[in-house]
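K.L.:
Single-letter residue listing:
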Amino acid sequence: MQRSRNLWLVIGLFSLVVTLLLAGGFGYAIKDILYPQASPILSGPVGNSAPLKADKVQLVGIGDSLTKGTGDETGKGYIGYVKEYLEPVVGQPVNVIGNMAVGGHRTDQLLELLEQKGVRYTLRQANMIVLTIGGNDLFNLGQDEVDVSVIEQRMPDALKRLETILATVNELNPKAELYYVGLYNPFAELDNGAQSSLAVQQWNAAVFALLNQYPQMTFVPSYDLFTKNLKEYLSADQFHPNQMGYERIAKRIVQVIE
Amino acid sequence: MNSLFSLVQNETLKMWYKKRFFVILIILAILIPIFTFAQMKVAQNVRAQLGTDDWRVAVQQQISDYTNRMSSSRVPEEWKKWFRVTVQQLQYYLEKDIDPTAPNAVTFAREFMENSVTLFLPLLVVILAADIVSSELSSGTIKLLVSRPVSRWKILLSKLVTLIFYISLTVLAVLLLAYLISGVLFGYGGWNAPVLVGFQVVGSDVDTSNVHVVASWQYILMEFGLAWFSAICVGIMAMMVSVLVRSAAVSMGIMLAAIISGVILANMVQSWEEAKYFFMVNLNLIQYLSGENPPIAGMDLTFSLVVLSVWSLIALAISFRVFTKQDIY
Amino acid sequence: MNAQSTTPVLSVKDVKKKIGKKLIIKGVSFTVNEGEIFGFLGPNGSGKTTTIRMLVDLIKPTSGAIEICGYDVQYQHNQALRYVGCIVENPELYSYMTGWQNLEHYARMLPNTGEQRIREVVEIVGMDQRIHDKVKTYSLGMRQRLGIAQALLCKPKLLILDEPTNGLDPAGIKELREFIRKLADDGLSIFISSHLLSEIQTMCDRVAIISHGSIIFEGGVEQMISQAPKAVVWQVRPEQETLARETIAAHENAKILDGPIELEGIAGETENSIIVTDMSQQDVPVLNRRLTTAGIDVLAIEWKNPTLEQLFLTMTAGEKIE
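Protein chains in written order, with my numbering: chain Y, 40 to 297; chain Z, 133 to 461; chain V, 16 to 337.
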């Protein structure tokens, strides 16, 4: 008798309070969604300390579709093979902590990307960075033809931007080893293959010069990998490497490190 | 007024003695540990794949993945839109250095409710409401109930109030049990962790001009408040079915069909836009808080609230009309 | 009946109920006065239950009015039902609650009815022992008692009992009868429905009989019984049956009722031959003397009531003759 009254008081009062609380939360949510008010956001400093763990390789990839691994049916890309080949060589685990490459990116887009906090943060965490860029600046012309004059025309600007990119990366993380994979010429077998090959070599040479300013940055040539039997190493799109092509790039990078 | 108070007391005690609420607690107590464990596995898996437990790197990788998928021509346009919105949100989190998925009991509770609001929570409500009237009809107790010197509308109103009470308790139970159980694995902190709200989806872009920080507890309050409202709408619909249908099994079946069809329809509304006028498609009010892209263009909080309210009011009108006029055999 | 009461406790005026296109109740009228036990007789399907449900506002009449203590049940629901206790069909209570919790539940629906009153009614029906057990553990008799306790909570002026003896054993029925009598002596009006003539006959002051949705009789119990053929049952030795039948048939004022005649309370296991006759009271000793003279051993002479069905047969047949 007294028990059921007490039970009622407890359930009744408690559920009334909860109901009011939830109704309040509902009202609060409506107000907040319909009439949002921007408030100063406490922006904490993004961790600046790059915890370089000596016991493992922290690999980060940036750049274009080559670093992304487009064309490799296994989806690994050269980064995946680098991890595979490098681990036994250095005797440490190789962690791919991030691959921020985006297919189709040019130097200007990479520059924009480098402004993003997350990208900057991730780069700081790395002690090894791999980079491919420039291919889309030179070759991605929206047509099948390769116009060598256009390539030459674009090269100076692209190189300037690449210089800025390297400076930015250096500023973010001067301790990380950077490996730039040079361009090869997928169009070598076209009619004007000789001219385009020259242009590619010109680019590679210029990039080599830029990288030389920084002791931690290394140029990894890939041009020679794709000069003989080009078709064998290209994927169906006749532009990106296939699995074998990527494996060769990865082997080359590991050789350079050794 | 006095008699209404007594009637609510009656209904509340009956619901308690019927032990329906205990059933709900038991269901939660069984399911939440399973989800907690699954969540832990997912976290471990992600960590193993990324080789890092740094959330910033993980978030950045997510952004890169989405960005790449957006550039692919094989991905449908609607998805790209959603990717873009998500990427923008994630970037904002990185920008403000706020971990959107800080693993703790509070975020678990938050995500649990996010995932429960369209299906699991409505099911719990149906357990409470499906036979709230029909059980009196099928057991014959309705005869004594309505032959007392109390108006019939008051009896139904007291049942509605009681239902709202127990829905509130259920929503609270989801929060408490999700928090307490998942805390064993994830730790109990995180009430003050900042959460960004105010993302507004405009076309395929996110408007971040109104984005602001709330503490996790504030977010939880808002989130559970919204879930509470849609749960009450489900409860009202279930009560109407319970007035109209004598068998508890049938009324439960009708409600389950409605709720599950809502989940299915929500995925199909891209092609059938009129589906947005169904109440069950509008149950996910939380998506407007977290700033997810709504399933159909033209759906926003106001729209969903109006749809839910109109359906509920019609259901209430039908329930009261039928219950007060009905002959009881 | 009761001179000082001006308004009857219950008055039903020309109530009709249509379900779909079918007229289920075809204009029913009767009144129940203060302090009387009113029997409501009718076989299953006669509209009895529908009428009772209309009395307590479970079903709305299509036309006509039902007033309790002067209040219209449909339009003044709360006042009309304030002092009405009822059990419609089975005493259906919440089986997942205890008897006490059930009583509390119904007490809360009544103004000014507290724990004190609950104790009183529990005592009246004598349930103190098991009132705190769950109702699902109760026997039917106990549920019936709890149902009555519930009906008494409101200190009723009118008690409506629908087939109250259904499922009770003979001892329970007897107990219930005495209990109802006692309540009526305290001034309560009691409305009892039944399909058993004997039950109504032993308990009620006045009776209404419903058949196919119409009242075919309303009046005192004596008056009702007098309309029915009363059978005199003679028991003789089987070897003397033929002789006895001849003797009775020779009597000008006695008629032997042939064929299967249902009578209440005839012991089926008797080895004696049974002869059922229709005759007046003053002829019984005359015929008895003749039988004795003829050398027949009359083992028993009994007055027997016919069943409700038979009463109906006579009543409706009578109407047709007029």
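Source of the hints: derived by calculation from the structure; they are not laboratory data.
Warning: the hint list may mix true and false statements.
Distance condition first, Cα-Cα at most 25 Å in a straight line; then the derived SDA-like pairs of lysine to any residue [stated by the list, open to error]:
1. 95(Y) - 176(Z)
2. 36(V) - 176(Z)
3. 36(V) - 453(Z)
4. 150(Z) - 155(V)
5. 37(V) - 150(Z)
6. 457(Z) - 104(V)
7. 33(V) - 50(V)
8. 156(Y) - 378(Z)
K.L.:
Quickly compare the C-alpha distance for residue 457(Z) and residue 104(V) to 25 Å and report which way the hint goes.
P.N.:
holds, 21 Å
K.L.:
For the pair supplied as a hint, residue 95(Y) and residue 176(Z), confirm whether the alpha-carbon distance does not exceed 25 Å.
P.N.:
Within the cut-off at roughly 19 Å; holds.
K.L.:
Sort out whether residue 150(Z) lies within 25 Å of residue 37(V), counting only the CA atoms.
P.N.:
Distance of about 39 Å is beyond 25 Å: violated.
K.L.:
Assess, step by step, whether the Cα of residue 150(Z) is no farther than 25 Å from the Cα of residue 155(V), and give holds or violated.
P.N.:
Status holds; Cα separation ~21 Å.
K.L.:
What's the verdict on residue 36(V) and residue 176(Z), does the C-alpha distance respect the 25 Å limit or exceed it?
P.N.:
It is violated: about 70 Å lies between the C-alpha atoms, which goes past 25 Å.
K.L.:
Holds or violated: residue 156(Y) and residue 378(Z), Cα atoms, limit 25 Å.
P.N.:
Violated, because 61 Å separates the two Cα atoms, which is more than 25 Å.
K.L.:
Run the distance test for residue 36(V) versus residue 453(Z): straight-line Cα separation, threshold 25 Å.
P.N.:
Given pair residue 36(V), residue 453(Z) holds - Cα atoms ~22 Å apart, limit 25 Å.
K.L.:
Measure nothing beyond the straight line between the CA atoms of residue 33(V) and residue 50(V); if it is 25 Å or shorter, mark the hint as holding.
P.N.:
violated, 32 Å
In this structure, the hints that do not hold are numbers 2, 5, 7, 8, in rising order.
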